[in-house]
Amino acid sequence: MSKGPSLPRRAVLRASAGMALLPLGRAAWAATAAGGPQRLIVVLLRGAVDGLNVVVPYAEEAYYAARPTIAIARPGTPGGVLALDARFGLHPALSSLLPLWREGTLGFIHAAGSPDPNRSHFEAQRYIENGTPGDSTTPDGWMNRLLQTLPGPHDPAEAISLGPTLPRILSGSAPATNLELGPEAARPLPIDQPRLAAAFDRLYAGDDALARAYREGRQARSEVLADLAREAAVADAGAPPPRSFAARAARLGRLIGGDPRIRLAFIALGGWDTHVAEGGHQGQLANRLRPLGDGLAALAGGLGTSWRDTVIVVLSEFGRTVHENGDRGTDHGHGNVIWVAGGAINGGRVYGEWPGLAPDQLYQHRDLAITTDFRAALAAILSAHLHLRDDQLDRVFPDAPPVAAGLTRLLSA
Amino acid sequence: MSSRSAGLLGAVCLLLLLLAVRANAADSDRQVIHVLNRLAFGPTLDDFNYVKAIGIERYIAEQLDPAAIDEPIELRFRLAQLPTRGLDASELRQLYGPLRPVLGVKPSLDEIRAQEIRARRIERDAAAARIWKAVLSRRQLQQVMVNFWFNHFNIFSGKGLDRIWIGNYEDRAIRPYALGRFRDLLFAVAEHPAMLVYLDNTENAAPGSRGAHGAASGINENFAREVMELHTLGVNGGYTQADVTTLARIFTGWRVNPPDSTQFPDVAAIFDGLRHDYTPKVFLGRTLPAGGREQGLEALDMLADAPATAHHIAFELAQYFVEDAPPPALVDRLAARFLATGGDIRQVLATLFASPEFLGSAGQKYKTPYEYVISAVRAAGVPVNNVRPLLAWMSRLGMPLYGCQTPDGYQDTEAAWLSPQAMIERIGFAVDFARGFVPVSAEPADFEAGMPRQAHRPDPVDPARLKAIFGSTLSPATRAVVASAPARMRAVLILGSPDFMRR
Numbered sequence: 001m002s003k004g005p006s007l008p009r010r011a012v013l014r015a016s017a018g019m020a021l022l023p024l025g026r027a028a029w030a031a032t033a034a035g036g037p038q039r040l041i042v043v044l045l046r047g048a049v050d051g052l053n054v055v056v057p058y059a060e061e062a063y064y065a066a067r068p069t070i071a072i073a074r075p076g077t078p079g080g081v082l083a084l085d086a087r088f089g090l091h092p093a094l095s096s097l098l099p100l101w102r103e104g105t106l107g108f109i110h111a112a113g114s115p116d117p118n119r120s121h122f123e124a125q126r127y128i129e130n131g132t133p134g135d136s137t138t139p140d141g142w143m144n145r146l147l148q149t150l151p152g153p154h155d156p157a158e159a160i161s162l163g164p165t166l167p168r169i170l171s172g173s174a175p176a177t178n179l180e181l182g183p184e185a186a187r188p189l190p191i192d193q194p195r196l197a198a199a200f201d202r203l204y205a206g207d208d209a210l211a212r213a214y215r216e217g218r219q220a221r222s223e224v225l226a227d228l229a230r231e232a233a234v235a236d237a238g239a240p241p242p243r244s245f246a247a248r249a250a251r252l253g254r255l256i257g258g259d260p261r262i263r264l265a266f267i268a269l270g271g272w273d274t275h276v277a278e279g280g281h282q283g284q285l286a287n288r289l290r291p292l293g294d295g296l297a298a299l300a301g302g303l304g305t306s307w308r309d310t311v312i313v314v315l316s317e318f319g320r321t322v323h324e325n326g327d328r329g330t331d332h333g334h335g336n337v338i339w340v341a342g343g344a345i346n347g348g349r350v351y352g353e354w355p356g357l358a359p360d361q362l363y364q365h366r367d368l369a370i371t372t373d374f375r376a377a378l379a380a381i382l383s384a385h386l387h388l389r390d391d392q393l394d395r396v397f398p399d400a401p402p403v404a405a406g407l408t409r410l411l412s413a
Numbered sequence: 001m002s003s004r005s006a007g008l009l010g011a012v013c014l015l016l017l018l019l020a021v022r023a024n025a026a027d028s029d030r031q032v033i034h035v036l037n038r039l040a041f042g043p044t045l046d047d048f049n050y051v052k053a054i055g056i057e058r059y060i061a062e063q064l065d066p067a068a069i070d071e072p073i074e075l076r077f078r079l080a081q082l083p084t085r086g087l088d089a090s091e092l093r094q095l096y097g098p099l100r101p102v103l104g105v106k107p108s109l110d111e112i113r114a115q116e117i118r119a120r121r122i123e124r125d126a127a128a129a130r131i132w133k134a135v136l137s138r139r140q141l142q143q144v145m146v147n148f149w150f151n152h153f154n155i156f157s158g159k160g161l162d163r164i165w166i167g168n169y170e171d172r173a174i175r176p177y178a179l180g181r182f183r184d185l186l187f188a189v190a191e192h193p194a195m196l197v198y199l200d201n202t203e204n205a206a207p208g209s210r211g212a213h214g215a216a217s218g219i220n221e222n223f224a225r226e227v228m229e230l231h232t233l234g235v236n237g238g239y240t241q242a243d244v245t246t247l248a249r250i251f252t253g254w255r256v257n258p259p260d261s262t263q264f265p266d267v268a269a270i271f272d273g274l275r276h277d278y279t280p281k282v283f284l285g286r287t288l289p290a291g292g293r294e295q296g297l298e299a300l301d302m303l304a305d306a307p308a309t310a311h312h313i314a315f316e317l318a319q320y321f322v323e324d325a326p327p328p329a330l331v332d333r334l335a336a337r338f339l340a341t342g343g344d345i346r347q348v349l350a351t352l353f354a355s356p357e358f359l360g361s362a363g364q365k366y367k368t369p370y371e372y373v374i375s376a377v378r379a380a381g382v383p384v385n386n387v388r389p390l391l392a393w394m395s396r397l398g399m400p401l402y403g404c405q406t407p408d409g410y411q412d413t414e415a416a417w418l419s420p421q422a423m424i425e426r427i428g429f430a431v432d433f434a435r436g437f438v439p440v441s442a443e444p445a446d447f448e449a450g451m452p453r454q455a456h457r458p459d460p461v462d463p464a465r466l467k468a469i470f471g472s473t474l475s476p477a478t479r480a481v482v483a484s485a486p487a488r489m490r491a492v493l494i495l496g497s498p499d500f501m502r503r
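So the protein sequences, as listed, match chains S and E. Note that our numbering has the first sequence beginning at 1, numbered continuously upward. Note that our numbering has the second sequence beginning at 1, numbered continuously upward.
Keep in mind the hints are simulated off the structure, nothing from the lab. Beta carbons: idealized from backbone N, C-alpha and C, even for Gly. Among the hints, a few may not be true.
What the hints assert, rightly or not - Computed footprint of chain S on chain E, listed as stretches where at least three residues anywhere in the stretch have a Cβ under 8 Å from a Cβ of chain S:
{"hint": "1", "stretch": "179 to 188"}
{"hint": "2", "stretch": "196 to 210"}
{"hint": "3", "stretch": "472 to 482"}
Using the sequences provided together with the hints, build the complete structure.
Here it is as structure tokens:
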């Protein structure tokens, strides 16, 4: 990875291959010449995944010295990492992602994260979601601000989140919706009955927050129900879908692939706070990573031809300590690895400047340092993939550092 | 003036008087419902009439002294049927914990599995007790505060042995102090085995100490961090990473008693000196001399007394009882009261309930799923013989009881809970519940006794009861929609109305 100086964002945009061919005044979010609309799917691993055991710096002696019981062995040894390049290897539980890496649609940005030094899960997640590290007063989420850059009128199906609540990252003035994709998703609800719906429509005819949420829920439900009915008929052949993350992810992929209105999606997964008995190539973390890897592969498959217009980003609020603790686990740290996947990704390589794991290279003498601000990584995707202008990027990530020059090749032309 | 115009004037005056009386009655009903929405889990018809009769000041005073309130016989009868309540933490482990080898023979996989299934009774009993108290107790403020403090000191039933200690934690560490002194609450929580398990302190050992081995061979910061960030000072409460590490060293040796321990076999949580770091420490700028358990006690005292803690707790209370972004002046007043009374929760609440900010905040809070479900059951006045359908709905609405995995507990803001999906799902609950399709009145199947499940007959909610409580205070828009709807739809619409989504 080159260590070149950071360029001003505008200069970087001009320099990025392919962008130079775009006509002036091209609208953000415009469909590619190939056809489909561009999508962005964000997966937030809440609880701080141990990135050093996801993309393992196996060439670092210090890695093995710091982790006597939970380090993952070098490639080619039993239970060893899956070699990505001469420096890094993938956790073996993520083997289902290896085909994506080989075809060049999966890459990583190592030593990335939020610059705020806070090691509180909750504060750090807030910053990842509101996009303003250090400022907890920002009322909306960056994905909602991103949504606001779409040309209107807005439709709540443009941005969806899996789960019973709408996360902070998607909350704000643009409509967004949350939904469940488990086995019960397509079953009829009382509100689908016309007489009840008419009465409730009158109860929620106002312009307050509850009425808006109600109407967005109704609209999204009618649209998504139609999608789900079609999708289930095609893909599940009527069989009830299983509950696994891979099954829900495949379903999400098919849903997005079949509905051009859906532009953004968000998934949060918990269970990464491995203070005790983290495990190495097997154990707690491995048991969490395997369904995640299977799920991402299923999501890619479910997207079908939309895969080429989709970017998936996987990130976490911070990393974990370089040294394992006294309980064969790891405590709250700093830098982490960001995963990027999708047909448009220039994958098959690990981006980011690697700061090293020697004691004097660590952040506060204990954690992986951060050389790529997560906002700079996301801004590179937003500008090259969603074609946001500088002023729009500034709205999504106010006061963010410029896109590092090394990331300009993250997306293929 | 002609007699005719005098008569007209008199009639107009009478009409105005009647309207004024009605408006006053509506205002007074509104305050009664406001107080019951905040100090209780919403009005029942009985509570509504009771508070109307005695006035809100007297009701507030009564609620602040729960020991003087008699509980209904129905509640006492129901609680008496829950066999695992009342067991202490070590008894729970002996009866329901992992099976130990007997005479060197390890339990079989089938036996282990059967024991785990048996242990599920504990969480069921704890949840049933929680729901029955929330619905039936006349000590409503105490139930509200148990819910508040449990969430503040959250633990998760899915973490290790917490599945067998969750009810004991609520009954022994939270409930007795819910309206008491914050310091006592903090100590009870920090010394309860469920918290030591949940935040991994039971694995926290001084590296190289005689007791450090296996899974517990070094420092684990988890408890030390969260006790400052979440339980006391708050995230910007003025501590550093060095304070986190130091506090973790201070708490080395605070652990669950090993099951085969011959020392204090009837105690579930102990201080293990073999794992403790006895060196002197500098914590939050103060030097703690070399010592054992007393270092941890002194650190907890410092945290309980800190102005940042007073402010943190004052903010959370004002956020729960007043509004999502409480007025800073009110928070400052409550924090001052907290400091002046040595953290007396009852006194802080008395100040809060007397404040104009509290009295003027009716309807400002969007109910959490827990509050929404419980308040619907209370308003409807239906008998709850089976809490499981309610627990299932809480899960479906995103708030499983005892199911919040992270130590920050559930959020208490509209931003966290109001979403398109939430509105659709809540209305789904209102419809099913009002039509009697949430089978709370059916006696549950008791698998252990082999009892068959009673057939469920739909038991619709009586709209007249809801109208008797909310009739004078519903918004004009809601009233118009309800009035024009067919009778069988009215309870559905009241429970699903925007008015009922808020408290």
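Hints versus structure:
Counting residues of the stretch 179 to 188 of chain E whose CB lies closer than 8 Å to any CB of chain S gives 0, which falls below the minimum of 3, so the coverage claim is violated. Look at the stretch 196 to 210 of chain E against chain S: 5 of its residues bring a Cβ nearer than 8 Å to a Cβ of that chain, three or more, so the hint holds. Only residues whose C-beta sits within less than 8 Å of a C-beta in chain S count toward coverage, and the stretch 472 to 482 of chain E has 3 of them, enough to reach three; the restraint holds.
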